[in-house]
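Take a look at the letters that make up each chain.
Protein chains: 2
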Amino acid sequence: MSAISGTKLEHGGLFFSGVGINMNIIMQLLLARVTFRFSCQVRYFHIQQKKLAVELTRIRYPNLKRGPYANICDADISNFGKLLPGKGRVITDVTELEGYNTDWLKTCRGSSQVVLRPKTTEEVSALLCYCNDRRLAVVPQGGNTGLVGGSVPVFDEVIISTELMNNIISLDEVSGILVCQAGCILANLDSYLKDHNFTMPLDLGAKGSCHIGGNLATNAGGVRLLRYGSLHGSILGLEVVQANGEVIDCLSTLRKDNTGYDLKQLFIGSEGTLGIITKAAILCPQKPNAVYVAFLGCDSFNRVLDVFQKSKHMLGEILSAFEFMDSASMDVIRNNLKMPNPIADFPFYILIETSGSQGGHDEEKLNTFLETMLSSQLVKDGTVATDMSKIEALWSVRERMAEGLMHDGYCYKYDVSLPLMKFYNLVEDMRHHLGNRVTRVVGYGHVGDGNLHLNITTPAYSHEIMDLIEPYVYDWVAHHHGSISAEHGLGFKKKQFIYHSKTKSAVRLMQAIKKVMDPNGILNPYKTIPDAS
Amino acid sequence: MSAISGTKLEHGGLFFSGVGINMNIIMQLLLARVTFRFSCQVRYFHIQQKKLAVELTRIRYPNLKRGPYANICDADISNFGKLLPGKGRVITDVTELEGYNTDWLKTCRGSSQVVLRPKTTEEVSALLCYCNDRRLAVVPQGGNTGLVGGSVPVFDEVIISTELMNNIISLDEVSGILVCQAGCILANLDSYLKDHNFTMPLDLGAKGSCHIGGNLATNAGGVRLLRYGSLHGSILGLEVVQANGEVIDCLSTLRKDNTGYDLKQLFIGSEGTLGIITKAAILCPQKPNAVYVAFLGCDSFNRVLDVFQKSKHMLGEILSAFEFMDSASMDVIRNNLKMPNPIADFPFYILIETSGSQGGHDEEKLNTFLETMLSSQLVKDGTVATDMSKIEALWSVRERMAEGLMHDGYCYKYDVSLPLMKFYNLVEDMRHHLGNRVTRVVGYGHVGDGNLHLNITTPAYSHEIMDLIEPYVYDWVAHHHGSISAEHGLGFKKKQFIYHSKTKSAVRLMQAIKKVMDPNGILNPYKTIPDAS
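These protein sequence lines map, in sequence, to chains A and B.
Count the first sequence with full-length UniProt numbering and you get residues 1 to 533, in order.
Count the second sequence with full-length UniProt numbering and you get residues 1 to 533, in order.
To be clear, the hints were calculated from the coordinates, so they are not data collected in a lab.
Some hints could be false.
Chain copies aren't distinguished; within one or between two, either way the pair holds.
In silico lysine-lysine, DSSO-like type, Cα no more than 27 Å apart, as pairs [said to hold, decoys possible]:
id: 1; residue 1: K422; residue 2: K504
id: 2; residue 1: K504; residue 2: K119
id: 3; residue 1: K87; residue 2: K515
id: 4; residue 1: K504; residue 2: K515
id: 5; residue 1: K194; residue 2: K310
id: 6; residue 1: K194; residue 2: K413
id: 7; residue 1: K413; residue 2: K310
Pulled out of the complex, with its shape left as it was, chain A reads as follows:
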């Protein structure tokens, strides 16, 4: 018997055993979900810390040249101490620095000699003003959960961490508008909001460690984008410190404000290269009264797409996630994480989540939808979870994929947008292209957003394998009019491939904007966009 004991789907039968679901229990379990994910994340991080040190980025990429920045000296450290008085605010201990210098995936390692931990916007302003005057390069760092090497130094950049900027400033209980500092952890914000009957408009696997400032700087997507849209729509205001220390206060808490250019939008997704986000005002949706999850099996990827289209029609406004995994992904879950497959084996799996204000109505909609899917043979098997512990268990099959892949050794990670008709072909082509040189090629992701996570693993990093994958994968995506980075950003690892998704004139305009906003180029150098030639 499966460890996940959700009601088994039976053709023509009812999927929900009990009609009257106790909402109090659901609320408690929603809270439990936050804790659960949080602990997963932290545990995983510590496992990683025990491994051997990662090769330095400047050694792995020997052609890379350090920019014309000043070298940090003792006087700088002493001055930082004056700007940030108190213990633990200026870190120079080599062992302590290691975690800040190394990315979560263990693919990039810088050699910064100092981490600065401001608590206020004024402190961030003073630090940037100092670094800009001294021509010291800076890397802003949130929870350091990024997947493209954007949040760690490439050489010896000064690290400015938002760890101590973790205050919730206000919540308007009528409108659901939350104002907080950039260093608040996503899961903590969601937990706080749930107590006030709201929820965060974004959710992602790293929620237990990632900072909201980092989410904004990278325009994080995640599993709720299908329902609540992108951060460009949910963020009402930002406070940002520019490279020269000037504070740009666009911290509006208004749903509409058409006065001048919408400057905050520029900072969303610019990966810390235009300014450091210090505060945000976020429009938070109502917490749903009812959440249900269905985990389904399909014979082919075309069936997955058919089910997606039907779900949009039949579930409409209550559809809150539509995720898919292939059978190679399920092998990772089973073999590397020792978790069971919640249903029988299939080539493809779908996870559908509904969230709504009236459980009875949602149950009826989901029931009708699932009956139609089974009777039309689009779905072959499945399970539905109506209580939170089972919902959590089903979600964990999808959310622990990144963790499971790391057990193989090294993971080459690609996060692309593709037209849905071409979506899975990339995985199949890549499998054929790489053959048995790699441990596995897996595909999973957010079908609802056209966002595929392609992952390739090997026992250790190999230049030869990398050369087989890149630029092959980017050429493939560009050829099919996709984006080479759907939600992870370009960071350090993908910067040079920007022309696969953006035109020369667009990149020239980006460079001109960067030059105006950070004339000395001190903010997160070597990242996101190529230097102007």
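Fit chain B to the given chain A structure using the hints.
Below, chain B alone, put in the same frame as chain A:
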């Protein structure tokens, strides 16, 4: 008996008489709604055209100085003719020019000598390249329905109209992603989409005339923002021509694309001062299967807010509009448009719309909500419309307000965002401040978005009244941390008040971006942001 014969609310009774609503009829009526609104808009425009010519802007604002632009000459007209071959593409006839020179509200009039009507992006590019080289100032114009004088010339700027750029390019029937040229009329796009089971994510009174390019350039809000969010979230891609004629192709049709800075966001809401939008890719939601409207009466504005908060909880994901009007607004509808009040007289009226995928479920939610509102005395009376002709009739009470106000003579129009607790105080304070010097002071708008439309009318424009209103109204809004333009933009009429809503450092950054993108300042001068000093 009222002309609007929606089912009358009765305390404790059922609001919906029939349970099985015929969805085919609703679909037909949804289409009828588009036609209806379109004809209203066009009719009104022609009424306006018959009035006397409006005072020239350069005369009404005698302190305004023309910028250092070239004067248009015969050789320019001849060259434009070569760039736009064919009949009706270069308009120089004085009578024909009048409509293009004058804004919809009849408050601004320029003296442009030429209107250019390109059909393609390449033609827009060639025109801008020419104008930039010649230092000819340009005003981009869509449907010319703006309310802040942003779409008409101030002096003699060349008008580039998007009227002939009205092709729908593609619609992805799985994802609902529409690609079209900038000159498509909003109502036409919505009508096209409805045939394919989708709908536009925005809706506004001017839909019968306004162009999607203008909607984007002004970041139009409207009545669906509550449900589908702002255009910053719904727009996936833009193609824009910069001042020098360079085409910026960010016309992504992907839901997620995090490669470099999100340049398209800069153009949304920049009112044609940074570039001319030529094409857009828009994420369109599913067409709802069921739409219901309730028109309710309340004793006080605090009750309106209570009903709003309850509606968010009880209607949740199906709530698609929450509008309010005061009794002075109802006087306009009754006296100037000769339309009846759909219910008894009250100090405040609410219009609630629900849209959902399952009519029976929505009906049940709305029914329970309305019973609760009546039994708790938050709502005193009301009517519910379940068929489209009645829904249209109820919406027209709200949507024809702008038209009704114009019958008074001159309308001083303000569109502000305010915290909900202060929302209606502005109307009351203004009424007290102006006394009987004006015909009326009315308040209506989008409670769901914190967006108040404050309107003051007099028989004719008066400098003295204007001086009593401005900057009083902007000081009031700034004091209460609101925005002086929620959705209309700053355009020509409100540009100088930007500092009431934005800081000096933010405006300096806007000016720096403008300088980079339009170094000669030819694009829509005298608008949106103050010139850099």
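Okay, the hints, checked on the actual structure:
| no. | hint | in the structure |
| --- | --- | --- |
| 1 | K422 <-> K504 | within (26 Å within a copy, 48 Å between copies) |
| 2 | K504 <-> K119 | between (39 Å within a copy, 25 Å between copies) |
| 3 | K87 <-> K515 | neither (36 Å within a copy, 45 Å between copies) |
| 4 | K504 <-> K515 | both (16 Å within a copy, 20 Å between copies) |
| 5 | K194 <-> K310 | between (31 Å within a copy, 18 Å between copies) |
| 6 | K194 <-> K413 | neither (33 Å within a copy, 40 Å between copies) |
| 7 | K413 <-> K310 | neither (30 Å within a copy, 45 Å between copies) |
The structure fails hints 3, 6, 7 (numbered hints given earlier, in ascending order).
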